[in-house]
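Same order as they appear, the protein sequences are chains S and W.
Taken in order, the first sequence gives residues 410 to 615; the numbers are from the numbering used here.
Taken in order, the second sequence gives residues 410 to 615; the numbers are from the numbering used here.
Certain hints may be false.
The list treats identical chains as one, so a pair stands whether inside a single copy or across any two.
As the list claims (entries may be wrong) - Calculated pairs, DSBU-like style, for lysine-lysine (alpha carbon to alpha carbon, straight line, at most 35 Å):
hint	residue 1	residue 2
1	Lys-528	Lys-578
2	Lys-597	Lys-500
3	Lys-457	Lys-578
4	Lys-500	Lys-578
5	Lys-500	Lys-528
6	Lys-578	Lys-597
7	Lys-597	Lys-457
8	Lys-528	Lys-457
9	Lys-597	Lys-528
Don't read these hints as lab results, they were simulated from the structure.
For clarity, every value in this text was computed on a predicted model and none was experimentally measured.
Number of protein chains: 2
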Amino acid sequence: MRKIADSTVRRLSLYLRYLEEFETEGQATVSSEALATRGGTTSAQVRKDLSFFGSFGKRGLGYPVAELSERLRRILGLDRRYRVVVVGAGKIGSALVQYRGFRQRGFDIVALFDSDPSKIGRAYDGLVVRDVAELEQALRSETPDIGIIVVPGDQAQAVSERLVQGGVKAVLNFAPAPLHVPESVALKNVNLALELEALSFALASR
Amino acid sequence: MRKIADSTVRRLSLYLRYLEEFETEGQATVSSEALATRGGTTSAQVRKDLSFFGSFGKRGLGYPVAELSERLRRILGLDRRYRVVVVGAGKIGSALVQYRGFRQRGFDIVALFDSDPSKIGRAYDGLVVRDVAELEQALRSETPDIGIIVVPGDQAQAVSERLVQGGVKAVLNFAPAPLHVPESVALKNVNLALELEALSFALASR
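Produce the entire structure from the sequences given, and follow the hints as far as they go.
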């Protein structure tokens, strides 16, 4: 398969959300224009995005909602469930564990870790915070696919290496530090302070 | 000023973090190589990034830590404080309000809103959740610079329009829907489920 840009994957996720709403409403077909509105793009872009993955629908009739959403779920790897561990049980880490959107999409958080004795043993939605010293043991028994890192920046690389060493194939990094992972490991970064700084930069550059 | 890419702004933020650590340690100069490590890039990229904003340091001596961090704070608009309102007091919204990293960086959350009667009146770190019906009134009295949207996708555009109408000049959107804002308004999107889906896509495409 050709290398697909992150921005394309992002739009596919948004198209899928819209298709699922249409499915719920019992609508059978949808135009590329309608999908474009939802994805914040143009109908030409929609057709281009979908053409990466073969042909869908018939000219003039729009896309078949049920078929296209099933295809998109498969393309996005959402036709299965993923096991996720979260390292860091601070405000953001504990909020993530309680975020229902993850489970709805097939991401099951199976373990939550912290090194702070005052956090270890607390429970969030039934998930008890475990000592990060037990991480290796837990990775062997839980065999997670994805690790979410929500620790201070100076601890993130070490945690990442332990996760990768333990078999994690994808990392979502919330720590304010760039991580280095082997090429075989997928990595996405989310940094809330950096997003705000990008806004302050925009405000300052006016 | 030339248009600066988002990825450049992101690296500047990371360089600044490193410089501030060096300042704390009392280090006077730093090499482009050291900044590159922190920014997850190369020393050539560091020199290029900084050259956008004039000349810094002397060849062979590295960059002066205090001067460069002050310049970066000014470039990033971090030499002042920002007033921020958050709309949506769910798990993520309430975690954001309690996230210390924002205040440390100059972002003061001055108001938090929700439409759910069971959430209105609750307090997070001393900030009481207000009825979103009072949003317009609050925007007039609090005159925030930045609005953070953490509401369901189908409500996000309407909230965004109310914020912009009320004078907000920058929006950070956590809702799983693309927002349309006037060109004069800065917009950044953070979508946690989409980030995980990008990882599931990467795992599925192997």
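Cross-check of the supplied hints:
With identical chains, the CA atoms of Lys-528 and Lys-578 are at most 35 Å apart within one copy only, with a shortest distance of 27 Å there and 38 Å across copies. Taking CA atoms no more than 35 Å apart as the test, Lys-597 paired with Lys-500 passes in both settings, with 20 Å inside one copy and 22 Å between copies. Taking identical chains as interchangeable, the C-alpha atoms of Lys-457 and Lys-578 lie at most 35 Å apart whether they share a chain (29 Å) or sit on different chains (33 Å). Proximity of Lys-500 and Lys-578 under a CA criterion of 35 Å is satisfied in both settings, with 25 Å inside one chain copy and 27 Å between copies.
For a Cα distance limit of 35 Å, the shortest separation of Lys-500 from Lys-528 qualifies both inside one copy, at 11 Å, and across copies, at 18 Å. Within a single copy, Lys-578 and Lys-597 get their C-alpha atoms as close as 12 Å, and across copies as close as 28 Å, so both meet the 35 Å cut-off. Within a single copy, Lys-597 and Lys-457 get their C-alpha atoms as close as 24 Å, and across copies as close as 24 Å, so both meet the 35 Å cut-off. In this assembly of identical chains, the alpha carbons of Lys-528 and Lys-457 never lie at most 35 Å apart, being 48 Å within a copy and 43 Å across copies at closest.
Taking the shortest Cα distances, Lys-597 and Lys-528 sit within 35 Å of each other both inside one copy (26 Å) and across copies (32 Å).
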